[in-house]
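Enquirer: Sequence:
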Amino acid sequence: MAATRGAVPRGAPSNPRISQGKISAIDFAGVARDFSPMPPRKAKASQGLPLKEPVLRPTFRRERRWLTQGVWPIAGCDEAGRGPLAGPVVAAAVVLDPTRIPRGLNDSKKLDAEAREKLYAKICASAEVAVAFGSTDRIDRDNILRASLWALARAVKALPVRPKMVFVDGNMKIDCGCDCEAVVSGDALVMSIAAASIVAKVTRDRLMARVGLAHPGYGFERHMGYSVPEHAAALQKLGPTIHHRKSFAPVAAKLAALNADLNADLGAPSDAIASTLLPL
Numbered sequence: 001m002a003a004t005r006g007a008v009p010r011g012a013p014s015n016p017r018i019s020q021g022k023i024s025a026i027d028f029a030g031v032a033r034d035f036s037p038m039p040p041r042k043a044k045a046s047q048g049l050p051l052k053e054p055v056l057r058p059t060f061r062r063e064r065r066w067l068t069q070g071v072w073p074i075a076g077c078d079e080a081g082r083g084p085l086a087g088p089v090v091a092a093a094v095v096l097d098p099t100r101i102p103r104g105l106n107d108s109k110k111l112d113a114e115a116r117e118k119l120y121a122k123i124c125a126s127a128e129v130a131v132a133f134g135s136t137d138r139i140d141r142d143n144i145l146r147a148s149l150w151a152l153a154r155a156v157k158a159l160p161v162r163p164k165m166v167f168v169d170g171n172m173k174i175d176c177g178c179d180c181e182a183v184v185s186g187d188a189l190v191m192s193i194a195a196a197s198i199v200a201k202v203t204r205d206r207l208m209a210r211v212g213l214a215h216p217g218y219g220f221e222r223h224m225g226y227s228v229p230e231h232a233a234a235l236q237k238l239g240p241t242i243h244h245r246k247s248f249a250p251v252a253a254k255l256a257a258l259n260a261d262l263n264a265d266l267g268a269p270s271d272a273i274a275s276t277l278l279p280l
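Counting from 1, position 196 in the sequence shown corresponds to residue 196 in the numbering used here; the numbering is continuous, with no gaps.
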């Protein structure tokens, strides 16, 4: 989904986010610098007192380095939902407007739900945004890592503008058709990735809330499919749904138990099809 486009600095292309990837380093050097927060100051050593660890916050430093070389657009991407027992993995890609960076961007895990929702609205109103979903079927077939990398690449390719540089959270690059840099803890270090982490998290949370309405009793709207006591109890009582990841151990164990019970009741062979037990 494309967001509205804002003003650009004087002398810059009329719409830098849909240019051919080369812009004036002079035009954007100042803009990039102005929107890059100062790095945290190092605590001074005090006699008898340990140094305080600086609080990491995302900056525009990496994007600025490419901007000053005339490279544009620049995207950040991240995913949400690698660990849950149910629901898809959701990836987001974001191209921030250097002149309209929302204040308060941070790793989505460091923000509460209210702050994420507010920033989500600001990001969508000022940046180019795209999302992609790795389904539970894909996760079970390919594994969660491959499904996540696939969704990240799809999100980048779904952007309304074609990025010339992509930053991705983690230690693995993605096949996105342009230069790519993997940044460990990127959602806490790179503004574009932080924005993508918020979009991915909010999108997935909203989706799982809808799944919760369709499948009452599981509490998806509260735990978003993660393995918490409430979810474990519901899984044991109600069994897996079509949204559960059959390749994840707790779900696979429950399916095996249900399958064994069915075999005992029917005298069926041990390789009876467990998928018939999935409630709709």
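Take the hints with a grain of salt, since some may be wrong.
[Stated by the list, open to error] SDA-like cross-link-like pairs, simulated, lysine to any residue; straight-line CA separation at most 20 Å:
1) Lys109 to Arg206
2) Lys157 to Lys110
3) Lys164 to Ser135
4) Lys110 to Val183
5) Lys122 to Pro160
6) Lys109 to Arg222
7) Lys237 to Arg206
8) Lys237 to Pro216
9) Lys246 to Lys109
[As the list claims (entries may be wrong)] Pairwise CB distance ranges, derived in the manner of DEER restraints:
10) Thr99 to Ala232: 22 to 32 Å
11) Leu145 to Glu181: 38 to 48 Å
12) Ala260 to Glu117: 42 to 52 Å
13) Pro160 to Lys237: 22 to 32 Å
14) Asp137 to Arg65: 56 to 66 Å
15) Asp142 to Gly177: 32 to 42 Å
16) Arg162 to Arg61: 15 to 25 Å
17) Arg146 to Ala121: 47 to 57 Å
Simulated from the structure, these hints should not be mistaken for lab results.
Beta carbons are placed, not taken as given, at the ideal position from N, Cα and C, and that holds for glycine.
Enquirer: All hints, please: hold or fail.
Expert: The hints, checked one at a time:
Annotation: proposed proximity of lysine 109 to arginine 206 holds, straight-line Cα distance about 16 Å (limit 20 Å). Proximity of lysine 157 to lysine 110 is assessed by CA-CA distance (about 28 Å); at most 20 Å being required, the pair is judged violated. Of the supplied pair hints, the one linking lysine 164 and serine 135 is violated, its CA atoms being roughly 28 Å apart against a limit of 20 Å. Simply put, lysine 110 and valine 183 have alpha-carbon atoms about 18 Å apart, close enough for the 20 Å limit, and the pair holds.
Of the pairs offered as hints, the one joining lysine 122 and proline 160 holds, with about 18 Å between alpha carbons and a cut-off of 20 Å not exceeded. The hinted pair formed by lysine 109 and arginine 222 meets the criterion: a straight-line CA distance of about 16 Å does not exceed 20 Å. Between lysine 237 and arginine 206 the CA atoms are separated by roughly 25 Å; this puts the pair beyond 20 Å, and the hint is violated. Proximity of lysine 237 to proline 216 is assessed by CA-CA distance (about 13 Å); at most 20 Å being required, the pair is judged to hold.
For the suggested pair lysine 246 and lysine 109, the alpha carbons sit about 26 Å apart, so the restraint of at most 20 Å is broken. Threonine 99 and alanine 232 have their C-beta atoms about 48 Å apart, which leaves the hinted 22 to 32 Å range violated. Checked against the hint of 38 to 48 Å, the C-beta distance between leucine 145 and glutamate 181 comes to roughly 19 Å, which is inconsistent with it. Range check, alanine 260 to glutamate 117: about 44 Å between beta-carbon atoms, so the 42 to 52 Å window is met.
For the pair proline 160 and lysine 237, the beta carbons lie near 45 Å from each other, so the given range of 22 to 32 Å is not met. At roughly 40 Å, the beta-carbon separation of aspartate 137 and arginine 65 lies outside the given 56 to 66 Å, and the hint is violated. Between aspartate 142 and glycine 177, the C-beta spacing of about 20 Å breaks the proposed range 32 to 42 Å. Checked against the given bound of 15 to 25 Å, the beta carbons of arginine 162 and arginine 61, roughly 23 Å apart, stay inside it.
At roughly 32 Å, the beta-carbon separation of arginine 146 and alanine 121 lies outside the given 47 to 57 Å, and the hint is violated.
Hint compliance for this structure: hints 2, 3, 7, 9, 10, 11, 13, 14, 15, 17 are not met, and every other hint is.
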